[in-house]
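Asks: Residue numbers (the working numbering), protein chains in the order written: chain A, 1 to 377; chain B, 1 to 486.
Just so you know, the hints here were simulated from the structure itself, not pulled from any lab data.
Using N, Cα and C, we set each Cβ at its ideal position, and we do this for glycine too.
Careful, some of the hints might be misleading.
[What the hints assert, rightly or not] Covered by chain B, per the in silico footprint, the following chain A stretches (three or more residues, Cβ under 8 Å):
1. 6-18
2. 22-35
3. 58-66
4. 185-196
5. 203-214
[As the list claims (entries may be wrong)] The following residues of chain A were derived to be distant from chain B, with all beta-carbon distances above 10 Å:
6. G104
7. A244
8. V251
9. A292
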Amino acid sequence: MTDMATRPGDEAELAVTIRDAAASGTPLFIRGGGTRTVAAPIPDNARHVSLAGLSGIRIYDPGALTLVAAAGTPMHEIDALLASENQSLPFEPMDHRAILGTNGAPTIGGAVATNASGPRRVAAGACRDHLLGVRFVDGSGQIIRSGGRVMKNVTGLDLGKLLCGAGGTLGVLTEVALKVLPAPRLGTTLSYPDRDRSAAVTLFCDALRTPFEISGAAWRDGTAHLRIEGSDTQVAYRRERLLARFGAAEVIEGAAHADLWRGFRDVTHFAGPGDLWRIVARPTDAPAICAALRDRLGAATSLDWGGGLIWAAGPDLAPSAVQNCLTGAKGHARRLRPPAGAAPVAETTAPRVAAVSRALKDRFDPAHILNPRLAAM
Amino acid sequence: MSSIAMPLPDAGLLAAKDRIVRALTEALPPETVIFDPAETRAYECDALTAYRCPPLAVVLPRSTEEVATAMRLCHAAGVKVVPRGAGTSLAGGALPTADSVIIGVARLNRILETDFDNRFVRVETGVTNLSVTGAIVADGFFYAPDPSSQLACTIAGNIANNSGGAHCLRYGVTANNLLGVRMVMADGEIVELGGPYLEPEGLDLLGLVCGSEGQLGIVTEATLRILPSPEGARPVLIGFDNAEVAGECVARIIRSGVLPVAIEYMDRICIEAVEAFTHAGYPMCEALLIVEVEGAEAEIAEQLATVEQIARGLDPVEFRLSRGAEEAALIWKGRKSAFGAMGQINDYMCLDGTVPVSALPATLRRIGELSKAHGLDVANVFHAGDGNMHPLILYDANTPGDQDRAEVLGAEILRVCVEAGGCLTGEHGVGIEKRELMHEQFAAADLEIQMQVKDVFDPGWLLNPAKVFPLDASAPRRDPKAGERA
Numbered sequence: 001m002t003d004m005a006t007r008p009g010d011e012a013e014l015a016v017t018i019r020d021a022a023a024s025g026t027p028l029f030i031r032g033g034g035t036r037t038v039a040a041p042i043p044d045n046a047r048h049v050s051l052a053g054l055s056g057i058r059i060y061d062p063g064a065l066t067l068v069a070a071a072g073t074p075m076h077e078i079d080a081l082l083a084s085e086n087q088s089l090p091f092e093p094m095d096h097r098a099i100l101g102t103n104g105a106p107t108i109g110g111a112v113a114t115n116a117s118g119p120r121r122v123a124a125g126a127c128r129d130h131l132l133g134v135r136f137v138d139g140s141g142q143i144i145r146s147g148g149r150v151m152k153n154v155t156g157l158d159l160g161k162l163l164c165g166a167g168g169t170l171g172v173l174t175e176v177a178l179k180v181l182p183a184p185r186l187g188t189t190l191s192y193p194d195r196d197r198s199a200a201v202t203l204f205c206d207a208l209r210t211p212f213e214i215s216g217a218a219w220r221d222g223t224a225h226l227r228i229e230g231s232d233t234q235v236a237y238r239r240e241r242l243l244a245r246f247g248a249a250e251v252i253e254g255a256a257h258a259d260l261w262r263g264f265r266d267v268t269h270f271a272g273p274g275d276l277w278r279i280v281a282r283p284t285d286a287p288a289i290c291a292a293l294r295d296r297l298g299a300a301t302s303l304d305w306g307g308g309l310i311w312a313a314g315p316d317l318a319p320s321a322v323q324n325c326l327t328g329a330k331g332h333a334r335r336l337r338p339p340a341g342a343a344p345v346a347e348t349t350a351p352r353v354a355a356v357s358r359a360l361k362d363r364f365d366p367a368h369i370l371n372p373r374l375a376a377m
Numbered sequence: 001m002s003s004i005a006m007p008l009p010d011a012g013l014l015a016a017k018d019r020i021v022r023a024l025t026e027a028l029p030p031e032t033v034i035f036d037p038a039e040t041r042a043y044e045c046d047a048l049t050a051y052r053c054p055p056l057a058v059v060l061p062r063s064t065e066e067v068a069t070a071m072r073l074c075h076a077a078g079v080k081v082v083p084r085g086a087g088t089s090l091a092g093g094a095l096p097t098a099d100s101v102i103i104g105v106a107r108l109n110r111i112l113e114t115d116f117d118n119r120f121v122r123v124e125t126g127v128t129n130l131s132v133t134g135a136i137v138a139d140g141f142f143y144a145p146d147p148s149s150q151l152a153c154t155i156a157g158n159i160a161n162n163s164g165g166a167h168c169l170r171y172g173v174t175a176n177n178l179l180g181v182r183m184v185m186a187d188g189e190i191v192e193l194g195g196p197y198l199e200p201e202g203l204d205l206l207g208l209v210c211g212s213e214g215q216l217g218i219v220t221e222a223t224l225r226i227l228p229s230p231e232g233a234r235p236v237l238i239g240f241d242n243a244e245v246a247g248e249c250v251a252r253i254i255r256s257g258v259l260p261v262a263i264e265y266m267d268r269i270c271i272e273a274v275e276a277f278t279h280a281g282y283p284m285c286e287a288l289l290i291v292e293v294e295g296a297e298a299e300i301a302e303q304l305a306t307v308e309q310i311a312r313g314l315d316p317v318e319f320r321l322s323r324g325a326e327e328a329a330l331i332w333k334g335r336k337s338a339f340g341a342m343g344q345i346n347d348y349m350c351l352d353g354t355v356p357v358s359a360l361p362a363t364l365r366r367i368g369e370l371s372k373a374h375g376l377d378v379a380n381v382f383h384a385g386d387g388n389m390h391p392l393i394l395y396d397a398n399t400p401g402d403q404d405r406a407e408v409l410g411a412e413i414l415r416v417c418v419e420a421g422g423c424l425t426g427e428h429g430v431g432i433e434k435r436e437l438m439h440e441q442f443a444a445a446d447l448e449i450q451m452q453v454k455d456v457f458d459p460g461w462l463l464n465p466a467k468v469f470p471l472d473a474s475a476p477r478r479d480p481k482a483g484e485r486a
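Could you build the full structure based on these sequences and the hints that come with them?
Replies: This is the structure we're talking about:
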């Protein structure tokens, strides 16, 4: 494989690149900022395609809460522009650099392709929930548009949701339209030490059914954290009510508060090499899943999304063994960072669902050239 | 004569009615299959009542397995299936053809599971939208999407149309509140997508199914995300003597950082009709906004202070705070009865094109010009916060040609919405009504890949055919031999 990435200057050039690759059966590895890919050997005939040439914010309409950006636009550009209007991406997209040990600048296309959603997912929804529309080039080199830039839209099938989280295996995103929201003016954390996973999940379930708009509920190293956000009035009120309801807590504010939640977002506590699994489950199933992972596999775990997201790290967590830890629970597991020499593993799906997914892949990418390693997950 | 074409029915299937009905009745419990023409007539249309056609038969199963049996038999016999919830579609999404079997979910109306710890309910999809909230409100929860037909419309129909409602600026639409489905595929196999957790496994087929207007399968069970009820909510009413200033007010409120749960808009024609009908005490003006915020007392006061400051800066003819539940109800009363009030004075065609909020003033101006040019009044009442317009074209169904003229004007208005960066339909669906306009929104390649997705789920194109996709585009797939008639 040549190390030189092909760098199309616009969508039309990308379409030509893909059309040519489809004709010659050349596997293409799509890179935004290259921060969300697992380092692994790549076939000799493969090529990298960089989306760095497809960059720039196309529309930002703060009064309509919408942003349209080329897929290769770096996240920091988007964050800075939104911050100038006191707005933000509500789904708090994860930065994968810490856990994958990658460099470079994360892009918005990469965030959408991985449906990257942080702690606020529990309150505000995932990346896919804020995706209003996409443009992409499919595996035949056709330029396709789906959705638009309005918040309500049932005009045709929503292909954006299908591509969101598909890891570039169905098409290469060239432009995304997203719903943004006012950024919280203030945030505070209430920390409850000396809670095991079970006690933490109980606290999360109780807190998340209050009307106080908990925007983060995460646990690690024996401490359960609740995040409250909003205006000064809202934060003060909610803090008081939550403290009255759930007892004294350590209150974390300012930079420490921001760092704490950035850490949960990026899972910095499980940085470095080794096996890392991401398990999405029914929150009340989380304590049992974590106990099984620890007792059987010696895995370290942390919780986010009020217990609905489990991160499990260990030297080598075999897929079948991890799967067994989910027996009886509602949820699914994905190996995000394989140990050296092993491959990423996608969550398992029922046979018919898998067959439909394969058939969709055949339609969107008939030559199977787009991100083949991910497609085989 | 109605102007939207439907394909000619398959004469072979019409002739085979007895055989098809026998197969269904033999396989399903008594009183599940309706085939007497006197009874099937009740299913000849949805809320787009100008278009009617009784189906071959109607199947009303009581379980997912019975839906699967009916689907399997129809699939084997090559019979088209039209899924139906409550039949409240405004776009003809549930309109049968003479050679089709309706599979309705009306009897699938049980709430299967409520889980307040994990914050979801699992329901059969024939339950009405309002009854979902009804089942959990005493425990301090609600289900967020609230389409105005919520008393009647089913969750199945909400999923098919990705329904929103008045509060989606804050809470999103059905897709954002749907965690999982149990769905019967076109060949009768039952699949589950997603579940009681925050992310579906594998490709997001759940997101694809939501809003697919019955093209991909029949959803029989849904796992819905539920939310804790807010401590309180309060609307304010703001009147302006200029539509553009009202539009500016909407944009400034959103930009201020306040996120109201609803921003509703009514124009003068609508205000007059509503006042005659309900005496809600609305000011006579060009544009009226209802802005509702939620929270505890102090939180509401803070947000409303910001809204008031913005509104006062734009010189409103009226700014009315509601001081108690009664005054709040009165503010909402007029808005909630708007469609009924309009129906009292006229027949109307309700569109639901959506435009970027910043394009609202220009779009309203353009609609006004088109209304004059076509000689038909248009009333505007809509969700301004998310740009989902509901222009009501007023016409007289008894005047020959009036409906056709209304349809022509409707198409013109939807083209304006698309040109403004918006879309043909925000929540009503394409159905048959906007099917041919899909060419305005999408290029051939865009439509082709959508149809390829349908190929994967429904290779025989038996599920709700002749909807969503323009007839000419879908013809080779639906039936290479089929002719079309006006």
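Asks: Please list, smallest to largest, the hint numbers that this structure does not respect.
Replies: Violated hints: 1, 2, 4; rest satisfied.
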